[in-house]
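> With chain B's structure known, arrange chain D on it following the hints.
There are 2 protein chains.
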Amino acid sequence: MNETPPSALAPGGLPGFELALGRRDLDAAVALFGPECYWRDLVAFTWNICTQESPAAVRAMLEARLADVAPSNWRLDGEASTTDGVTEAWFTFETRVARGKGLLRLKEGKAGTLLTTMVELKGFEEKTGERRIAGAEHGVQKHRKSWAELRAQERATLGHTVQPDVVVIGGGQGGIALGARLRRLGVPTLVVEKNARPGDSWRKRYKSLCLHDPVWYDHLPYLPFPDDWPVFSPKDKIGDWLEAYVEIMEINYWGSTLAKNCRWDEAAQRWDVTVERDGKTVVLRPKELVIALGVSGYANVPKIPGAEAFLGDQHHSSRHPGPDACKGKKVVVLGSNNSAHDICAALWENDVDVTMVQRSSTHIAPSKALMELALGGLYSEQAVKSGIDHHKADLIFASVPYKIMHTFHIPVYEEMKRREADLYGRLEGAGFLLDFGADGSGLFMKYLRRGSGYYIDVGASELVANGSIKLKSGVNIERINPRSVTLTDGTELPADVLVYATGYGSMNRWLADLISPEVADRLGKVWGLGSDTPKDPGPWEGELRNMWKPTRVPHLWVQGGNLHQSRHYSQFLSLQLKARLEGLPTPVYGQAEVHHTA
Amino acid sequence: MNETPPSALAPGGLPGFELALGRRDLDAAVALFGPECYWRDLVAFTWNICTQESPAAVRAMLEARLADVAPSNWRLDGEASTTDGVTEAWFTFETRVARGKGLLRLKEGKAGTLLTTMVELKGFEEKTGERRIAGAEHGVQKHRKSWAELRAQERATLGHTVQPDVVVIGGGQGGIALGARLRRLGVPTLVVEKNARPGDSWRKRYKSLCLHDPVWYDHLPYLPFPDDWPVFSPKDKIGDWLEAYVEIMEINYWGSTLAKNCRWDEAAQRWDVTVERDGKTVVLRPKELVIALGVSGYANVPKIPGAEAFLGDQHHSSRHPGPDACKGKKVVVLGSNNSAHDICAALWENDVDVTMVQRSSTHIAPSKALMELALGGLYSEQAVKSGIDHHKADLIFASVPYKIMHTFHIPVYEEMKRREADLYGRLEGAGFLLDFGADGSGLFMKYLRRGSGYYIDVGASELVANGSIKLKSGVNIERINPRSVTLTDGTELPADVLVYATGYGSMNRWLADLISPEVADRLGKVWGLGSDTPKDPGPWEGELRNMWKPTRVPHLWVQGGNLHQSRHYSQFLSLQLKARLEGLPTPVYGQAEVHHTA
Numbered sequence: 003m004n005e006t007p008p009s010a011l012a013p014g015g016l017p018g019f020e021l022a023l024g025r026r027d028l029d030a031a032v033a034l035f036g037p038e039c040y041w042r043d044l045v046a047f048t049w050n051i052c053t054q055e056s057p058a059a060v061r062a063m064l065e066a067r068l069a070d071v072a073p074s075n076w077r078l079d080g081e082a083s084t085t086d087g088v089t090e091a092w093f094t095f096e097t098r099v100a101r102g103k104g105l106l107r108l109k110e111g112k113a114g115t116l117l118t119t120m121v122e123l124k125g126f127e128e129k130t131g132e133r134r135i136a137g138a139e140h141g142v143q144k145h146r147k148s149w150a151e152l153r154a155q156e157r158a159t160l161g162h163t164v165q166p167d168v169v170v171i172g173g174g175q176g177g178i179a180l181g182a183r184l185r186r187l188g189v190p191t192l193v194v195e196k197n198a199r200p201g202d203s204w205r206k207r208y209k210s211l212c213l214h215d216p217v218w219y220d221h222l223p224y225l226p227f228p229d230d231w232p233v234f235s236p237k238d239k240i241g242d243w244l245e246a247y248v249e250i251m252e253i254n255y256w257g258s259t260l261a262k263n264c265r266w267d268e269a270a271q272r273w274d275v276t277v278e279r280d281g282k283t284v285v286l287r288p289k290e291l292v293i294a295l296g297v298s299g300y301a302n303v304p305k306i307p308g309a310e311a312f313l314g315d316q317h318h319s320s321r322h323p324g325p326d327a328c329k330g331k332k333v334v335v336l337g338s339n340n341s342a343h344d345i346c347a348a349l350w351e352n353d354v355d356v357t358m359v360q361r362s363s364t365h366i367a368p369s370k371a372l373m374e375l376a377l378g379g380l381y382s383e384q385a386v387k388s389g390i391d392h393h394k395a396d397l398i399f400a401s402v403p404y405k406i407m408h409t410f411h412i413p414v415y416e417e418m419k420r421r422e423a424d425l426y427g428r429l430e431g432a433g434f435l436l437d438f439g440a441d442g443s444g445l446f447m448k449y450l451r452r453g454s455g456y457y458i459d460v461g462a463s464e465l466v467a468n469g470s471i472k473l474k475s476g477v478n479i480e481r482i483n484p485r486s487v488t489l490t491d492g493t494e495l496p497a498d499v500l501v502y503a504t505g506y507g508s509m510n511r512w513l514a515d516l517i518s519p520e521v522a523d524r525l526g527k528v529w530g531l532g533s534d535t536p537k538d539p540g541p542w543e544g545e546l547r548n549m550w551k552p553t554r555v556p557h558l559w560v561q562g563g564n565l566h567q568s569r570h571y572s573q574f575l576s577l578q579l580k581a582r583l584e585g586l587p588t589p590v591y592g593q594a595e596v597h598h599t600a
Numbered sequence: 003m004n005e006t007p008p009s010a011l012a013p014g015g016l017p018g019f020e021l022a023l024g025r026r027d028l029d030a031a032v033a034l035f036g037p038e039c040y041w042r043d044l045v046a047f048t049w050n051i052c053t054q055e056s057p058a059a060v061r062a063m064l065e066a067r068l069a070d071v072a073p074s075n076w077r078l079d080g081e082a083s084t085t086d087g088v089t090e091a092w093f094t095f096e097t098r099v100a101r102g103k104g105l106l107r108l109k110e111g112k113a114g115t116l117l118t119t120m121v122e123l124k125g126f127e128e129k130t131g132e133r134r135i136a137g138a139e140h141g142v143q144k145h146r147k148s149w150a151e152l153r154a155q156e157r158a159t160l161g162h163t164v165q166p167d168v169v170v171i172g173g174g175q176g177g178i179a180l181g182a183r184l185r186r187l188g189v190p191t192l193v194v195e196k197n198a199r200p201g202d203s204w205r206k207r208y209k210s211l212c213l214h215d216p217v218w219y220d221h222l223p224y225l226p227f228p229d230d231w232p233v234f235s236p237k238d239k240i241g242d243w244l245e246a247y248v249e250i251m252e253i254n255y256w257g258s259t260l261a262k263n264c265r266w267d268e269a270a271q272r273w274d275v276t277v278e279r280d281g282k283t284v285v286l287r288p289k290e291l292v293i294a295l296g297v298s299g300y301a302n303v304p305k306i307p308g309a310e311a312f313l314g315d316q317h318h319s320s321r322h323p324g325p326d327a328c329k330g331k332k333v334v335v336l337g338s339n340n341s342a343h344d345i346c347a348a349l350w351e352n353d354v355d356v357t358m359v360q361r362s363s364t365h366i367a368p369s370k371a372l373m374e375l376a377l378g379g380l381y382s383e384q385a386v387k388s389g390i391d392h393h394k395a396d397l398i399f400a401s402v403p404y405k406i407m408h409t410f411h412i413p414v415y416e417e418m419k420r421r422e423a424d425l426y427g428r429l430e431g432a433g434f435l436l437d438f439g440a441d442g443s444g445l446f447m448k449y450l451r452r453g454s455g456y457y458i459d460v461g462a463s464e465l466v467a468n469g470s471i472k473l474k475s476g477v478n479i480e481r482i483n484p485r486s487v488t489l490t491d492g493t494e495l496p497a498d499v500l501v502y503a504t505g506y507g508s509m510n511r512w513l514a515d516l517i518s519p520e521v522a523d524r525l526g527k528v529w530g531l532g533s534d535t536p537k538d539p540g541p542w543e544g545e546l547r548n549m550w551k552p553t554r555v556p557h558l559w560v561q562g563g564n565l566h567q568s569r570h571y572s573q574f575l576s577l578q579l580k581a582r583l584e585g586l587p588t589p590v591y592g593q594a595e596v597h598h599t600a
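Top line first, the protein sequences correspond to chains B and D. Note that this note's numbering has the first sequence beginning at 3, numbered continuously upward. Note that this note's numbering has the second sequence beginning at 3, numbered continuously upward.
The shape of chain B in the complex, shown without the other chains (with noise of 0.2 Å):
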């Protein structure tokens, strides 16, 4: 697969980036890539998670960043490999004040993609392998305290008599993720969760949800999961393994805590994070303060008329209780995305009447061809084998620009649509709306576009197309009546319960309630790439919004996104805030506008 080393390239290293950005050689630099280029940055020189999409951009942000950075010692690891013309080649270079790694695609010698990531500050390295602690301290000390003396003292302070630097609200995936991440790096951290027990926010969920990313994709940092963990974890599984893992990794996490307020304080340059712990009220005063909510918001319920008559039983599906609750009833759920899909199927399952209400198109992956067509190149056990473990994927992943992502995944889903013909042929004759995006750029870019409009399907699709889940579709609920629903095409169904799978507003309402509408209006809206497609409206703005890295409000973050997310980017995220709480230097290049405010 090796064929001549293109110039910017040489056995050992990257002559060409090393002399260049050496030489503070503008010219020389900006030439080494195509007309068609994109330099993404995870921290690394930007302070920043943002995009570089052309020749003229990369100019412009080594103009501003590159004295300053000072990048050094570009070195390959491991040997560059060729295919289809395309040479790729893993390196690792050096700045001012941190070690990197990065991933570069060259086509005809010119870089096509170039991915930079901060691995550690320079000092502040993670006490890892050599440089892990001794834990017995050899020799002796007077009055030395043991490992559980220290950990029971910092539990009776923290948050008490010793302020945390970084508080973080929601201790979810995201937060525990960012809490060990910080742990590590030595950051007083308090993560606080309104639910009593980490993983709760899992175990709570509908009795039959499993994950719907395989479990390759799905490790935490520091602590993959054993070998033998099923692809699919359950719910309580999860839960289970969130807990042990808070645990393990001793981050400072308190449950049944809600936080009820925050606001900066400009003479302290701290925050008052009011929370209500176990009943009582404390206040918390952190540099930093980290929303890992969920980047949805609260839950969506939609004003129906006649909806406070219902003489059944009526619930957001993110307080359905599974089926066992719904024996003997007629059920109609509302929704036709993930989670209304799998309601369906386990009260099916169940022997329980159920219906689903399908308001618009909707797009469907089954699970087998979405693992073996999208993921299973990086996510899989045949990655693993072929020696692409979840670190390395991560990496490869984050190397393919926002701009251009959608062109590689549009021939998926045409091979998707092939693959699954009879299925989706099915699913049209019962007459369920399917769609494969705006752009036929299936379900991952939905996820980043809008976060929603999708079902993985583990089973259920088979269910509606053979009528098991009975389905009304291209309707919606007009009004409920006491014991039925009418739908817009005039058709009464009788409904005993009534479950709303119509998703989650934006997260900018729970800012809105915590610090204040003018402050979510400022950091404005989270998640999205501005990619002009329904629910994501344009300016394109190159990277998800407002996402682990610094927002418009100082001091202010947003952790979260899915186990993968949660885990790479808790990185970037932390490696900014150990950054700020050291004193170093951090200057944002490329901060994004706020185009929308929810």
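The hints are simulated quantities; they were obtained by calculation from the structure and are not laboratory data. Check each hint, because a few of them may be wrong.
Claimed, not checked - Within a straight-line C-alpha distance of at most 27 Å, the following computed DSSO-like cross-link-like pairs (lysine-lysine) qualify: (1) B:331 x D:144; (2) B:144 x D:262; (3) D:196 x D:262; (4) D:370 x D:332; (5) B:370 x D:144.
This is chain D only, laid out in the frame that chain B set:
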């Protein structure tokens, strides 16, 4: 490092073994071995753990076992390497019922040491990697139960309406490691432990205790410690890890459960194991019973005249509360091994007046030197970097025959004597009685032979040498007075607290109490090699007595040892149990005679 491959070896395979054993040609097979040779087998050939120590012994074993084992498919695993005239080759092989892995060392083309180990039983492979379960069963299924429901059901029924196949008495590291292995093999198992929580047997030890073995040596099966784990884990941290591990591995574990009585029911071919759980009596009916109570037995407390009239506090080291309870008091510690040193050092650190009474000579191995000279090649960050992870290290370690193991250790301790000459000289100057084992082979041989007689120095020896810990050596306590002890040399030491760091008795007394004195005698002495050195009487056994292998009491097994042994040998014990429970023939070759009853 590669020279011409020896005749038994060729690129890709071991044609000598393949041919000779394939043709059942004993002469050709024995001719592959040199005149001094050792074949250590872990279950694969012998359904036993045993070492053949001569060509004649190899022949006898093959005569008895070859037709049944039907070994085949000997393949090199990686390339063979030659250093100092010894060629080392990793290989895999199959038997009629299992797959195995081995390590061969050749000298002048002849096998000097051969290790064969069973890895998995055909048809009963662990569900890992590509075999892992889906978790979310795709498709739909009427009335399916969730993972949480199935776990709850298992917890509610196992030991009550559903009987476990295996009961493990003792839920320390040994019982837990075996529980994890059996869980993966699908063997219904219950681990019972008198303490409330997994890890309590560590938590309840003296406050300053940290593991004396380093992290690379201490991993449990399947879930290695994270890479920031301390080199020497503090006792409470390892306790918490064990507790999390039990949850993660889904081990059925009954805490607060005291085993009262075990009786083999010949008619039913099951044990009656009577336990008291939270005050209620439960009778368990397993087919196989494993004792994992620690290879030592009850605490040894010598009977010393006057003890009953002592006005202070006296306790065995296993009940020592740590220094806080001793402040302002005069403490006498009887004993000079690990616990005695750790306890004395922690007392000194807390300004307690403490005297160690050394009855006989002790081996002192400074931890740093021990790590570098003895363990570092196999269990260290450097070993991991050079490709020797703990899986590989365990097999290399296991490949050294016990018969000649001391010859590898003697030079290590010769070097330690040179390197630590200053410390040893000052210890002797302070009156401390030193030894290096009967033949100068040091710590690990003492551990294998007698399980006692040493201190891994993490700092206390300096305190002994400089007099901070007061020392009386070559004496015993002759008489205990109300507020002092009188030593055999006539000295009277004032004492408010008396700690018996006097070790543990034989496990057989536990067996005698749990089952019967007759069964304890039939099983015979546990641990030790028959080296004819102090506390390890001959004749030579070749393997640790009764550990992890069939005993003379059918359906009764002993599991235990340090974390390394609990990890590695649980593999072989679990496979032996699984084979029996699946009804595979398991003819045991070379079962040891019982030479000593305790």
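> Next step is simple, just say for each hint if it's right about the structure.
Hint check:
1. B:331 x D:144: Measuring from Cα to Cα gives roughly 17 Å; hence the hint holds.
2. B:144 x D:262: Violated, because 43 Å separates the two Cα atoms, which is more than 27 Å.
3. D:196 x D:262: holds, 10 Å
4. D:370 x D:332: Outside the cut-off at roughly 31 Å; violated.
5. B:370 x D:144: Judged against 27 Å, a Cα distance of about 21 Å means the pair holds.
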